[in-house]
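**Q** Protein chains in written order, with our numbering: chain A, 18 to 458; chain B, 18 to 458.
Don't take every hint at face value.
Intra- or inter-copy, both count: the list cannot distinguish identical chains.
What the hints assert, rightly or not - With a cut-off of at most 25 Å between alpha-carbon atoms, the simulated SDA-like pairs for lysine to any residue come out as follows:
#1 Lys205 with Gln428
#2 Lys312 with Asp271
#3 Lys427 with Ala211
#4 Lys196 with Glu387
#5 Lys205 with Thr422
#6 Lys371 with Thr426
#7 Lys196 with Gln428
#8 Lys196 with Met393
#9 Lys312 with Asp209
#10 Lys411 with Arg425
#11 Lys371 with Asp408
#12 Lys196 with Lys312
Treat the hints as calculated values from the structure; they're not laboratory data.
2 protein chains.
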Amino acid sequence: MSERKRRAGPGGAAGGSTSKKPRGASAAASYAQSLRSKLRPDDSILASLRALASASAKSKPATASSAGAKALAEDDPASASSSYIVVADQDINSVTSRINRLVLSVARSILAGRGFSFSVPSRTSTNQVYLPDLDRIVLLRREAARPFANVVTARKATVTARVLSLVHAVLRRGIHVTKRDLFYTDVKLFEDQAQSDAVLDDVSCMLGCTRSSLHVVASEKGVVVGRLIFHDDGDRIDCTRMGVGGKAIPPNIDRVSGIESDALFILLVEKDAAFMRLAEDRFYNRFPCIILTAKGQPDVATRLFLRRLKVELKLPVLAMVDSDPYGLKILSVYMCGSKNMSYDSANLTTPDIKWLGVRPSDLDKYRVPEQCRLPMSDHDIKVGKEMLDEDFVKQNASWVKELETMLRTKQKAEIQALSSFGFQYLTEVYLPLKLQQEDWI
Amino acid sequence: MSERKRRAGPGGAAGGSTSKKPRGASAAASYAQSLRSKLRPDDSILASLRALASASAKSKPATASSAGAKALAEDDPASASSSYIVVADQDINSVTSRINRLVLSVARSILAGRGFSFSVPSRTSTNQVYLPDLDRIVLLRREAARPFANVVTARKATVTARVLSLVHAVLRRGIHVTKRDLFYTDVKLFEDQAQSDAVLDDVSCMLGCTRSSLHVVASEKGVVVGRLIFHDDGDRIDCTRMGVGGKAIPPNIDRVSGIESDALFILLVEKDAAFMRLAEDRFYNRFPCIILTAKGQPDVATRLFLRRLKVELKLPVLAMVDSDPYGLKILSVYMCGSKNMSYDSANLTTPDIKWLGVRPSDLDKYRVPEQCRLPMSDHDIKVGKEMLDEDFVKQNASWVKELETMLRTKQKAEIQALSSFGFQYLTEVYLPLKLQQEDWI
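Start from the sequences, fold in the hints, and give me the full structure.
**A** Here it is in structure tokens:
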């Protein structure tokens, strides 16, 4: 593609001659502002968003066999014969009775002279694989015995019994605790938190329920604003009335209920600076949407919350991340999960997130000035190349192309780089134009 | 003090014999539970809290001359003759006209043949001192010229002019931006963000207004729940109806208004795990209070918010931090400010915060089991010793004593260590007992 054509940008032929001017940055700025005139009336953009939303609502959960389908599958819990482990959200009574049954079977084994032993799913990395059909990382079904009468496993068997009893106590009180709380209830036994954390994940797998069902929660750092109403522990939260700060996403997803929305899409934002701009400009009033961010690396609470929104509201999810390998990595955690939590990937992941921006191709398309782009470090390039090998990237040809562009130009840019065209360029020009052109992949 | 007497703990003589039992941890646990019986009815605790709150409401802002007084002084902005710089919150019109006046005076200087130059307060560390009377770090009144016609300062003078014009543009639009946004508007000139950030602080000092008045905000990470109602950008927020997640503290304090509360005190919590416990147990319904946390190191938004609450509601502030040198350091940032923001210490600091817990003396008093305490590292001890030299610690004899206890025992403990007595020990026994005994320093 010729330089001139490549530079023509999203609006077509506009601005070809200005790009020859010596002062590149200011020409880029006036070009960027000229994009404003390309914007159609909001009504017309809203019409296409409505079509997108209704298509998203109608799409049936794809079956695992439909090739390439990014299923938002409520995996069939009855298919216990499947090759991978699926844990599910369970209520207090169900988890408690699962613990009771497990402990009873151990007791029976002791009484029958077969000894005290747990059967624990193996969570080693060789047991964690990416399933293209499901488009997420899963934990294969392979178990190991954890007998008490074995010098290698005696300690771990004890820790497992203790964690089971602690979780039982938490559930009986109907409260939630953090992993740190759990560790401190028996420091002498657990020695360090990594041990109780690991066994907690084991217990999730053994019981077949999510860690949130065990009422052991991670700290939350996510916030949400926009066209969303939900109940947090019974309190009705209207996210259009949460000011600029937004509502902190609750750590305990099982206390979230009554989700309602008239939004047309969910806008997932990598960082809080962009979130603040969108919240202050009340972007959701112009284009009805729900805006949320985990302020960097996605935490479990935000991932659970996003998935709940997607499952219940069936809205398309559009993502705004930095144009660098970490932006893509963050997307991958939302979409496919992390290896560490592979056993719970069905509940933690939100498939079919569209990459709205800032994409490597946007840098030229929107003529982000050279000085607002940053050179990629050797480490960035290494991470970028690793991402090219990730199955979840390879599945999507347009993503591969974008990542190749990034690695070829060796340039990265933050969402904030759009501020070089004005502080409100993001909300007034860039995003509306992206939505108008349905420019997501 | 004999071992027996030291171990007698807050309730007096109780439990002396159990401490001889071999299983120390479980004896400590049963002793800890026995403290429950020491609790008086809530009404009686509430009566003393009401007395505390009304004393706090009546206390007049102490003058700078009253020795040792921790003044919540709205420093008299008229006293421009004072030896240190006081910046103040200013509305958009006031800041804009200050910028206009500043630029006019520069223009006049050019026309008079004296050249283009700014006079900028020096923010070097030798110019930052702790004033015991004010109990905070302030910036002394010493200025340096920043002429354009000097090869050393030409660049900085240009950057200063550019930042002034950007701030002017932000104020004219009535929006808020982040430091990162500001940097990206002219990367070519600013080169790296440290430069635009530093000049932004210079501009605050030059104009005599807070950075929030410039509408350049930091990202927020704090959350609040409890007996508080306020308006965030016009939306009415009732913090008793914010579920377990709480309300994210808004980044732009000037959009906060209409603060109302029937709380008796403000409970400042270091970390989110303790915050979650308090929120889930709705501690504020039993003891009317406002609970807030910055989730670790206090950010500017949370510090501004706390100060606003204290100034407008005149409530006592009680702090729950880890029993380690960093817990104390976090307290010092809330109370006295950080050196970096010394010019704005009057607006960012909240004097007279009471150290409720977890204090080094609590570890024995509440018999926190040995295995839940952690040995201090060499670095911890070094930081602890440095804290002993800090003026703000030296001012308070009981704080010195606590810190000496920490350094003598070489032990630290997190708030979460209280979970060793049960997940809800914090909210059901420890805090009520602390409040009952008015055990803060």
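**Q** Can you tell me if Lys196 and Lys312 fall within 25 Å by alpha carbon in one copy, between copies, both or neither?
**A** both (21 Å within a copy, 16 Å between copies)
**Q** Given identical chains, is Lys371 near Asp408, meaning Cα to Cα at most 25 Å, within a copy, between copies, both, or neither?
**A** within (16 Å within a copy, 54 Å between copies)
**Q** Evaluate Lys427 and Ala211 at a C-alpha cut-off of 25 Å and name the case that applies: within, between, both or neither.
**A** Only across copies: Lys427 and Ala211 sit 24 Å apart there, 38 Å inside one copy, limit 25 Å.
**Q** 25 Å Cα cut-off: does Lys205 pair with Thr422 within a copy, between copies, both or neither?
**A** between (53 Å within a copy, 24 Å between copies)
**Q** Is it within, between, both, or neither for Lys196 and Glu387, if the alpha carbons may be no more than 25 Å apart?
**A** Between copies only: 20 Å across chains, 45 Å inside a chain, cut-off 25 Å.
**Q** Could you figure out if Lys411 and Arg425 sit no more than 25 Å apart (CA to CA) within one copy, between two copies, both or neither?
**A** Within one copy, since 17 Å is at most 25 Å while 59 Å is not.
**Q** Tell me, please, which holds for Lys196 and Met393 at an alpha-carbon limit of 25 Å: within, between, both or neither?
**A** between (37 Å within a copy, 22 Å between copies)
**Q** Given a CA cutoff of 25 Å, do Lys312 and Asp209 count as a within-copy pair, a between-copy pair, both, or neither?
**A** Classified as between; 22 Å across copies, 28 Å inside a copy.
**Q** Please sort Lys371 with Thr426 into within, between, both or neither, judging by C-alpha distance up to 25 Å.
**A** within (23 Å within a copy, 56 Å between copies)
**Q** As a check of your reading, is Lys312 near Asp271 (CA-CA no more than 25 Å) within one copy, between copies, both or neither?
**A** Both. Shortest intra-copy (22 Å) and inter-copy (22 Å) distances satisfy the 25 Å Cα cut-off.
**Q** Should Lys205 paired with Gln428 be assigned to within, between, both, or neither, using CA atoms and 25 Å as the limit?
**A** between (50 Å within a copy, 16 Å between copies)
**Q** Within a copy, between copies, both or neither: where do Lys196 and Gln428 come within 25 Å Cα-Cα?
**A** between (39 Å within a copy, 22 Å between copies)
Hint compliance for this structure: no hint is broken.
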